[in-house]
Every structure is written in structure tokens, then in C-alpha cells.
Amino acid sequence: MAATDVEIARLPANIEMKRPARSLWGDAWHQFTRHRLAMAGLFTFLFLIVFTLFGPLVYHTAINVIDFNVSLKGPSPEHPFGTDDLGRDMLARAILGGRVSIAVGITSVLVAITLGLTIGALAGYFVKLDSPLMRVTDLFLSLPILPLLLVIVYLFRDSLRAAFGPELGIFLMIVGVIGVLNWMPVARLVRASFLSLKQKEFVEAARAIGDPDSRIIMKHIIPNVLSPVLVAATIGVGGAILTESTLSFLGLGFPSDVPTWGRLLYDAKDYLDIAPHWAFFPGFLIFLTVLSINYVGDGLRDALDPRKTS
Amino acid sequence: MGRYVARRLLIAIPTLIVISFVVYAILALAPTDPLASFGADPRVPPEVRERIRESLGLNQPWHVRYVKWLIAIAHLDFGYSFMSRSPVIDLIWQRLPNTLAVVGVAYIIGVLLAVPIGMISAVKRYSVFDHLSTTFAFIGFSVPTFFTGLLLIIIFSVKLHWLPFIYDSTLKVTSLSTLGDQIRQSIMPITVLALFDTATIARYTRAEMLEHLPLDYVRTARAKGLKERLVVLRHVLRNSLIPVVTLVALGIPAVFGGAIVTEQIFRVPGIGELLVRSIGQGDTPVVAAILLIFATLVVLFNLLADVLYGVLDPRIRYS
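Going down the list, the sequences are from chains A and B. Letter by letter, the first sequence follows residues 85 to 394 in the numbering used here. Letter by letter, the second sequence follows residues 84 to 402 in the numbering used here.
Note that these hints are calculated values from the structure, not bench results. Yeah, the Cβ is synthetic: ideal placement off N, Cα and C, and Gly gets one too. Warning: the hint list may mix true and false statements.
Said to hold, decoys possible - Using C-beta positions, here's what the derived DEER-type ranges look like:
1) I270(B) x V342(A): 29 to 39 Å
2) L333(B) x N153(A): 49 to 59 Å
3) H244(B) x V342(A): 29 to 39 Å
4) P170(B) x A246(A): 28 to 38 Å
5) I270(B) x F286(A): 49 to 59 Å
6) G140(B) x R299(A): 54 to 64 Å
7) R120(A) x I172(B): 52 to 62 Å
8) H144(A) x I222(B): 26 to 36 Å
9) R148(B) x A246(A): 24 to 34 Å
10) G249(A) x Y87(B): 44 to 54 Å
11) I358(A) x Y209(B): 44 to 54 Å
12) L141(B) x H144(A): 18 to 28 Å
13) V211(A) x K151(B): 48 to 58 Å
14) V342(A) x Y87(B): 44 to 54 Å
Said to hold, decoys possible - Cβ-to-Cβ under 10 Å is the rule here; a few derived chain B residues that face chain A:
15) L92
16) I94
17) I96
18) T228
Please work from the sequences and hints to get the whole structure.
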């Protein structure tokens, strides 16, 4: 009895009145975990990243061993994804290809987001810059993106190849071009948020205590626009992966010695009748990656939407 | 209203000039020589090559060439293709019907399917139909068109032999059986394109409907005893469709671009296929013309979308 009394008396002291601190991102994560498809998407995407990054550590088959005895064979224990026309192992090529495709997706979105955030912030914050910068944005929005990408890649790939080497040159060009042609939606989004946020009291307060513009932008406003940008970025990664594979599929992306998923499909498309597996695996991996990213984006949108609380 | 349209048209002109400059600069700055195909041929002596350059006007400074080109474009003269030596405009007119027959039909089907799907899944939110259509939409815009295209070819042409996998543009529809052939060869490319269009537009319609359903005017409509059908069709749908109409208008130029891949897979000799081929051959006049036409379409449909928005939504006032 006495022991229990002591226990009870001690209890509040142990618990205290401290609840774990709730942050915006913590709440968002909590909300996100409840979106089952988004969680499934997240795990699939993480799995694909692990698969492409660490796959070669487990799966030792080389990507460029040519063996005509096994050319165009379907999936088998030795070659789980089958082989191509030169008898090269498709699983090894798909792993390496995924590495390039995902890297292109993420890097080009980083380029697009950086540009979009900078231009949107400048246009939204500084009244004088607004109209010229938005003109430029509208101009970029009127460019026919895919055709222009095709033309630029075709015309400039040889010179970039010569300057940076076949892999890095094409990588830089594709990332750069996809980034430079896709920042406009982010810039518009950021500008719109800036226009409404800079009227808010907390910005006025920051200005009243003498914060310089740079600090107001970086410390006070940018954190508040990050959630829509994050959603746009997530979905953008999927879009960029699609764009890269489209370019490669049209034969205007990476050269055949760099097997990206799109390139593998491009090589496979003339053998559909005898080796459908060749086209199936890389295509399915693109689809799976983009689908999982889109579900993550959808979950993030719901989780970061302040109107939606549960 | 009229003044607004006139002003927007005036703004569109400098935009197009800048775009034409961007297109021209990219093509002119490129290290590729339009005469590269002659360069590979050792039988062409250098002085002949120089004379060809002269006859094509390639020896003039780039700004002179740009202004000349721009003036010609303003007269709708896109020049001659380096490869086929026929006027670019003729090539484009030849290809246009094929593109419209496939891409245009796919887009119409996409819109006609998407609006009801989006509407039903918003009204019956979280129902089986909603879950199915959401899954379908996610698949629709996550699957690359070239993968759907190849899958359809593997299943329906290679395995089942039901459908031809090459689009025959010489086919003339004269009888019932040729009409059947035309339909059979169009099914796959149209399905591929329509899948993507339906997914995007349905998702957007659903989101718009969901924004409108909890609004006060909907409650008012219900409160005055209107049937649910009429509330949805006459009030919610009409208001939700305003931004959808803009999206549909904005999507039309993108449709032409998006068809590049589909035309490539099914060998539809359309504008996208012409572009890819001309890029590969270094046929600069054709490439420049197609890029410029695409850009003009984007600018015009942007304008159309804005004007339509104002016509449909009287709350928007033009200043």
C-alpha cells in the first residue's frame, strides 16, 4: 500500500507536464505516415535508390560482357532480367541505368528549384523586379519544351562531349537543359506566396526591428514557402526522369555506352517481337519510380496542407 | 474585353519575336554545319561547297540572316527544306492531317472521358469508383507514353496479332473495310495518348469539384430543394469547369509536343515525326519552322485560355 502511494506521488514528477514538442514538419510527417499509398511510394522509391546504388555490391555480373551464345534470352537464373542482342546482362544494365536516371531526375530538379526559388523570391519581394522577371517567366513558358530539348541536345552534345567526356558532358547538358526549361512553375508559385506573405505582420515586425531584406527573405519568408515548393520538387523529379527517358528513347539522350532506362528501351524497341523482356524491365522500372514519386508527392501535398487537419 | 484582347495580341508580338530569336540563336550557334552531309562526301570540291553556301545565303553575317529570316517568316514563308528541297510549309501541311487524326482525336476522347470521371469521383469521394479512378489517373501520368506504346505493341500486335503496329498514312478511307483498317491502326496510338490526357484532366476536374462542393452556394442550392443531380450538374460542375477549360486550352499545344514520342513509336508520319527526323538530318529550316509554329500555338492558346476564363467567369474583370 505504502509503496503504491509513493509510486503515485512520484508519478507526476516523472511525467512532468512536458509533451513532446510538435513542429510543422513533425506534424506533416505524422500526417504523411497515415497516407498508406504515399508510404508505399516512399518505401518503393527508397528501395529503388538502394537497389541502384548498392545493387552492384550484391549482384556481381558485369554490364558489358558480350556473349553471343546467350543473346536475346528471356529471364533465367543466371540472367534474372534476360539479355540483350549482344548477350549482355540486363539486370546489371538496369541497375546502372537506374542510377543515371534517378541522378538526372534529382539533380535537374535541384537546378530548377534553385532557379525558380531565386527568381520567384526576387520577383515577389522587390516590386521593381516583378514585371521584368515575370515577363521572362512567361516567355520561358511559351517555349515548346520537349522539341526545344531535342534540338539543343542534338546540336550541342558533340561539343559538350568533347569538353567534359562522354558521360559527364551529356549528364551536365541534360540536367542543365531540363533544369533551365522547368523552373517557371516554381517561380510563379514562390512569387505568389511572396506577394501575400510580405504583407503579413511577422514580416513587418522583422522589418521594424531592422532586419535587412536578405534576412527577411531567407529567414522569414522562404521557410514559409518551402512546403509547396517541396511538393512541386517531388513531382518534378518524376517528370524529369520521364523527360530524360523520353530523350534517351528518341535516341537523343545518353550514348549507348551509358545505359539509362530510356536508352535501354530505345535499344530494345526493334526487338519487341523476339525479346519483349528487354523492353519490359527498364520500362517497368521507369513506371514504378515515377509512380512511387507521384504518390509521395500526393502524400506530401496532403500532409503539408494547413487547411487539412485531422 | 475587346481592348483587352487587342492589348494581349500586341504583347504577343514581341514575345514571338523574342522566341524566334531564341530559336534562331540556338540553331545558329550550334556547331553543326548544315552542309555536313556534303562534307562527308569527298567528291564535292571545296569551291563548290562554298558556292552552295553562298547560294543558301550562309556566308552572310548571322544578324543579316536573322532579319531576312524573320521578314520571310512574317510573310509565312518558311523557306525550303535542305533535304527534300520542297517548301517547308508544304511538308507541314502534308503531315498535319496525320497528327490531327491521331493526336486531336485522342485529346477529344481524353477530355470527354475525363470530365465525367473526375466529376463522379469527386461527388462519390472515397467510393470504390473514386479509388479506381485515382489509381488509374496515377498510373496514367506515371507511365511513360513510350512504355505504354511498346506494351500495347507487344500484347496486341506481336502476341495476339490483332492490330497493325505501323500506321499506314497512305490508307484512304473509301469503303467500310478501309474505315475498319483506319480504326484498327488508330486504336493503339490514340489509346496511348488518351490515357495520359484523361488522367491529367480527370485529376484536375476532381480537385476543382472538391473545392466547390463544400461552398455556400451549393448548400443554398440544396436548401431550396433542388435535386442533387441538378445541384451537381448545373451548379457545381459549371463552376468547376471554368479552370478545366483553361487547362484544356493550355494543353492543346503540349499535345502536339507530346505526340512526338507516340508518332515515333507507331511510325505515324506527323509533325512530331517530321521534327525528330529533321533534327537528325540537320534540316534547319524545317526544325526552325516547327519550333516557331509550336511556340505560336502556345502563345495563342495562352491568350485563348485567358480570354475564355474571363468569358466564363464574370468575376474576372479585365483592366
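Consistency of the hints with the structure:
no., hint, in the structure
1, I270(B) x V342(A): 29 to 39 Å, "holds (35 Å)"
2, L333(B) x N153(A): 49 to 59 Å, "holds (53 Å)"
3, H244(B) x V342(A): 29 to 39 Å, "holds (36 Å)"
4, P170(B) x A246(A): 28 to 38 Å, "holds (36 Å)"
5, I270(B) x F286(A): 49 to 59 Å, "holds (58 Å)"
6, G140(B) x R299(A): 54 to 64 Å, "holds (56 Å)"
7, R120(A) x I172(B): 52 to 62 Å, "holds (54 Å)"
8, H144(A) x I222(B): 26 to 36 Å, "holds (34 Å)"
9, R148(B) x A246(A): 24 to 34 Å, "holds (26 Å)"
10, G249(A) x Y87(B): 44 to 54 Å, "holds (53 Å)"
11, I358(A) x Y209(B): 44 to 54 Å, "holds (46 Å)"
12, L141(B) x H144(A): 18 to 28 Å, "violated (54 Å)"
13, V211(A) x K151(B): 48 to 58 Å, "violated (40 Å)"
14, V342(A) x Y87(B): 44 to 54 Å, "holds (50 Å)"
15, L92, "violated (14 Å)"
16, I94, "holds (9 Å)"
17, I96, "violated (12 Å)"
18, T228, "holds (8 Å)"
Violated hints for the displayed structure, listed by number in ascending order: 12, 13, 15, 17.
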